[in-house]
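Chemist: Those protein sequences? They're chains L and U, same order as listed. By the UniProt record's numbering, the letter at position 220 of the first sequence is numbered 220, and the numbering carries on one by one without gaps. By the UniProt record's numbering, the letter at position 23 of the second sequence is numbered 23, and the numbering carries on one by one without gaps.
Fair warning: there could be bad hints in the mix.
As the list claims (entries may be wrong) - Below, in silico cross-link-like pairs of lysine-lysine (DSBU-like), each with a Cα-Cα straight-line distance of 35 angstroms or less:
(1) U/K85 <-> U/K270
(2) L/K112 <-> U/K85
(3) L/K112 <-> U/K614
(4) L/K9 <-> U/K614
(5) L/K294 <-> U/K85
Hints listed in this document are in silico derivations from the structure and should not be mistaken for laboratory results.
Chain by chain, the residues run as shown.
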Amino acid sequence: MFELFPFNKAIPFMRYGRTTTAISLATFLFSVFALFFYGLNLGVDFTGGTVMEVRYAQSAPIDTIREAIKATGYHEVAVQNFGSTQDVLIRLPLKEGVSSAQVSEQIMGVLKTGTPDVTLSKVDFVGGQVGQELYENGGLALILVAAGIIIYLAFRFEWRFAVSAAIANLHDVVIILGLFAFFQWQFDLTVLAGILAVLGYSVNESVVVFDRIRENIRTMRDETIPDIIDSAITSTMSRTIITHVSTQIMVLAMLWFGGEALHNFALALTIGIMFGIYSSVLVASPLLLLFGLKREHMIPQESEKMEGMNADGSIV
Amino acid sequence: MNRYPLWKYLMIAVILLIGVIYSVPNFFPSEPAVQLSPKTEQAIDPATMQRFEQALQAQGLTIRASENNGQQALFRFEDTDVQLKASEALKEAVGDQFVVALNLAPSTPSWLRALNANPMFLGLDLRGGVHFLMEVDMKAALDKQIDRYEDEFRDFLREQDIKYLGIAREGDTVLAKFRDAASRDAASAALGKEYQNSLQFTALPDTNDLQASISQTAMLDIQKFALQQNITTLRKRVNELGVAEPVIQQQGANRIVVQLPGVQDTARAKEILGATATLEFRLVDEQNDPMQAQQSGRAPLGSQIYKERSGDPILLKRQVMLTGDYIIDASSGFDDNNRPAVHITLDGKGATRFNKVTGENVQKLMGVVFIENKIETKEVNGQAVKTSTTTQEVINVARIQEQLGKRFQITGLDSPKEARDLALLLRAGALAAPVYIVEERTVGPSMGKENIEKGFNSNIWGFVAVVLFMVIYYRVFGVISSVALAINGFFLFALLSMIQATLTLPGLAGIALTLGMAIDANVLINERIREELRAGASPQVAINIGYERAWGTIIDSNLTTLIAGIALFLLGSGPIKGFAVVLCLGILTSMFSAVTVSRAMVNLVYGYKPHLQKLAI
Numbered sequence: 001m002f003e004l005f006p007f008n009k010a011i012p013f014m015r016y017g018r019t020t021t022a023i024s025l026a027t028f029l030f031s032v033f034a035l036f037f038y039g040l041n042l043g044v045d046f047t048g049g050t051v052m053e054v055r056y057a058q059s060a061p062i063d064t065i066r067e068a069i070k071a072t073g074y075h076e077v078a079v080q081n082f083g084s085t086q087d088v089l090i091r092l093p094l095k096e097g098v099s100s101a102q103v104s105e106q107i108m109g110v111l112k113t114g115t116p117d118v119t120l121s122k123v124d125f126v127g128g129q130v131g132q133e134l135y136e137n138g139g140l141a142l143i144l145v146a147a148g149i150i151i152y153l154a155f156r157f158e159w160r161f162a163v164s165a166a167i168a169n170l171h172d173v174v175i176i177l178g179l180f181a182f183f184q185w186q187f188d189l190t191v192l193a194g195i196l197a198v199l200g201y202s203v204n205e206s207v208v209v210f211d212r213i214r215e216n217i218r219t220m221r222d223e224t225i226p227d228i229i230d231s232a233i234t235s236t237m238s239r240t241i242i243t244h245v246s247t248q249i250m251v252l253a254m255l256w257f258g259g260e261a262l263h264n265f266a267l268a269l270t271i272g273i274m275f276g277i278y279s280s281v282l283v284a285s286p287l288l289l290l291f292g293l294k295r296e297h298m299i300p301q302e303s304e305k306m307e308g309m310n311a312d313g314s315i316v
Numbered sequence: 001m002n003r004y005p006l007w008k009y010l011m012i013a014v015i016l017l018i019g020v021i022y023s024v025p026n027f028f029p030s031e032p033a034v035q036l037s038p039k040t041e042q043a044i045d046p047a048t049m050q051r052f053e054q055a056l057q058a059q060g061l062t063i064r065a066s067e068n069n070g071q072q073a074l075f076r077f078e079d080t081d082v083q084l085k086a087s088e089a090l091k092e093a094v095g096d097q098f099v100v101a102l103n104l105a106p107s108t109p110s111w112l113r114a115l116n117a118n119p120m121f122l123g124l125d126l127r128g129g130v131h132f133l134m135e136v137d138m139k140a141a142l143d144k145q146i147d148r149y150e151d152e153f154r155d156f157l158r159e160q161d162i163k164y165l166g167i168a169r170e171g172d173t174v175l176a177k178f179r180d181a182a183s184r185d186a187a188s189a190a191l192g193k194e195y196q197n198s199l200q201f202t203a204l205p206d207t208n209d210l211q212a213s214i215s216q217t218a219m220l221d222i223q224k225f226a227l228q229q230n231i232t233t234l235r236k237r238v239n240e241l242g243v244a245e246p247v248i249q250q251q252g253a254n255r256i257v258v259q260l261p262g263v264q265d266t267a268r269a270k271e272i273l274g275a276t277a278t279l280e281f282r283l284v285d286e287q288n289d290p291m292q293a294q295q296s297g298r299a300p301l302g303s304q305i306y307k308e309r310s311g312d313p314i315l316l317k318r319q320v321m322l323t324g325d326y327i328i329d330a331s332s333g334f335d336d337n338n339r340p341a342v343h344i345t346l347d348g349k350g351a352t353r354f355n356k357v358t359g360e361n362v363q364k365l366m367g368v369v370f371i372e373n374k375i376e377t378k379e380v381n382g383q384a385v386k387t388s389t390t391t392q393e394v395i396n397v398a399r400i401q402e403q404l405g406k407r408f409q410i411t412g413l414d415s416p417k418e419a420r421d422l423a424l425l426l427r428a429g430a431l432a433a434p435v436y437i438v439e440e441r442t443v444g445p446s447m448g449k450e451n452i453e454k455g456f457n458s459n460i461w462g463f464v465a466v467v468l469f470m471v472i473y474y475r476v477f478g479v480i481s482s483v484a485l486a487i488n489g490f491f492l493f494a495l496l497s498m499i500q501a502t503l504t505l506p507g508l509a510g511i512a513l514t515l516g517m518a519i520d521a522n523v524l525i526n527e528r529i530r531e532e533l534r535a536g537a538s539p540q541v542a543i544n545i546g547y548e549r550a551w552g553t554i555i556d557s558n559l560t561t562l563i564a565g566i567a568l569f570l571l572g573s574g575p576i577k578g579f580a581v582v583l584c585l586g587i588l589t590s591m592f593s594a595v596t597v598s599r600a601m602v603n604l605v606y607g608y609k610p611h612l613q614k615l616a617i
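Chain L with its partners taken away, still in its complex shape (with noise of 0.2 angstroms):
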């Protein structure tokens, strides 16, 4: 058996509970203070305005183009290059008096008058009223993901374990949402769906932990409940790596080879997946023992004994 993590013994993880609520604390508070200090560097699909992609055969004069469309009136226009040098990026903001619609058709006239040899790749061109709309349901769907999982959660286990997974798993989005603020890379509707992906992969890992240690308050009789969670975890440790390797090298794949359409998409998921393998473990763990979980939560009666359970508690 060719192994990565041989671990003999359980890992006392619940023993540095307060260490590391302490780092996830701090990782949080710095993440809030990004978002209300730097702001998330909201996309077109969010806010509103025009992006044109456009490609020139040579490099792209960046300069002259910042000067050719502020000479048409537009100001904070930002133009920029992004994965070539004939590769450019422009951004308009909403402009009075001017129908939105009609702005690429403009932008390329001014461009084409200088060089002749560039061509659209891409427009996008979003109104307020759509991108403030995305923005409120975006909101939405985060909260109704959030519940939905709860409430499964504590249908399926506990009330304790449903509120600790779901600190956890907001603790991984406010951390990729501070990450964005902080280094201000662009927000848009894949990167929204890429954190709800992450809560609902995020929460997977929970899951697997707090069966295991579900399973263990049945079997392990005369641990104490943070034995049992050192246990649980150190038992799926090995599984939990692995799993996060390989949704790591597809989602790594996609940060290479995707091109620059899926970038902030997997760059979202990449934090969401390194962070989500702590929460799980660090985060939501720790939270359980807080929320004083205890064995008589998870087995209601002696004597309710269930169908097809053996003597030691556990169903085959």
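Assemble the complex: chain L is given as a structure, and chain U must be docked to it using the hints.
Modeler: Then chain U, alone, in the frame of chain L:
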């Protein structure tokens, strides 16, 4: 212990076969083709097909294959060069009767197509084209309806022989003035009966006025109708543009999505889609002097000042003889003097009406008013404000020589192109209310190609790396897990193809992510088996317990992810929705492939060895 009954193996084999059959069409490249569809409802008969083929052969173009399903004819060609030439040749040959569109037809073998195994549609981000999100101006729809009521009241009261002083619009209501309370009450009773479902009538105190306001349900009906009418109209217009596989769908209560794959000329597309052009026929007020009216800025009673193309003012009667709503067909051409003209055909009701009014007014002058609505969105103090501009122009004034009927023509247009555009707009019907574009996305064809290549490559690279890792780490069980993962990929593709999902870039990302996550179930199983072996269980028992115990965990963890996916699907729009569909389906297929399919493989490899000593895990 680790043996499946025969039926279970057979069932898995059948599902596998179905999965392969329905996912395979996606791997055939698409061929350049030209699509022809008739503008009217008529079917394409073999003789017409032959005509098309002859037209192509006359140009020396080789047809690779041709199809005709009655509604549409499709010709496939060797390369895009021939395709473009063919499109030109066909346009020349078939004239005004057919819409010719460039298309990319899947090269799926016919026996697969016979099984209804078709490839997924590619989203615009993967093949290029334009996407519009249009909002219907509901205020305008309501205004139009109120104006219509105003006209109808006049006609109705005249028919009923109830005398009124005046009928005018006031805000969102129509106000009818009467000489005395008796005639008001008579009108109220008659109108109330006629419009009992849609209008509420209130007698205003201290006057003899009657106020009509639209009821809440009628208002919703008006909005629903406006949206439906606009979708129908947009569909007709898009068809006239000659776009293969367009998408025109309702989104929400007042928005319409229009996707035109392959279209790059957004300017023209927007012009045609967004314009609300209609015609009105009105009598010219010949008694009064238009110049004088223009100077004073006041039109005589019952008339309105309009402008002619030349800029000269002209006075037209307020009463409309005919509106564009009754026009059922319009085609461009030339009149006897070789000037551009639009030939118009009216429906039965319109023809009767037009016949009557032109009959009553022979030898009088009639003006044709061209009305175009344009809507612009402006940003004022951070708020998006819509302003609608309406241009009304008299394009033609002519003396009514005789009673006009079902067919007639209008002239006075600037160019043949304008005649063509007007004919197109009239033919496609008027928009019930103006629409304006709130979202526009254009993806160039090369960008689409690049997106699909990169997205696909990243999936392949990721998959290869995961397989390598799994095989090294879990050996035989790693191989089995990898095969199960590949099968999962096939299942996912097959399901997406069966429901004819549209594959987009976020969808491709979703496939990658679900493949990455799908391996989780196998890892859970393999780790459990290892644990059991470590605890001293015999190989056969370890396999059995490993699968059984892992199952509960797999259910819990996947169902929570599924909940997230469903919420995403319900709330998301655009890219999020596409991603959510893939995520949800991927979870379902991975649960099946990771548990049932991989177990079947393990059973076949190890289950029939009674004295198994060691597992390669």
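Chemist: Next step is simple, just say for each hint if it's right about the structure.
Modeler: The hints, checked one at a time:
1. With a C-alpha separation of about 26 angstroms, the suggested pairing of U/K85 with U/K270 holds against the 35 angstroms cut-off.
2. Note on L/K112 and U/K85: the hinted pairing holds, with a Cα-Cα distance of about 28 angstroms set against a maximum of 35 angstroms.
3. Taken as a hint, the L/K112 and U/K614 pair is broken in the structure, with Cα atoms around 71 angstroms apart against an allowance of 35 angstroms.
4. Proposed proximity of L/K9 and U/K614 is supported: the alpha carbons are some 25 angstroms apart, at most 35 angstroms.
5. Only pairs whose Cα atoms come within 35 angstroms are accepted, and L/K294 paired with U/K85 is rejected, the gap being roughly 78 angstroms.
Violated hints for the displayed structure, listed by number in ascending order: 3, 5.
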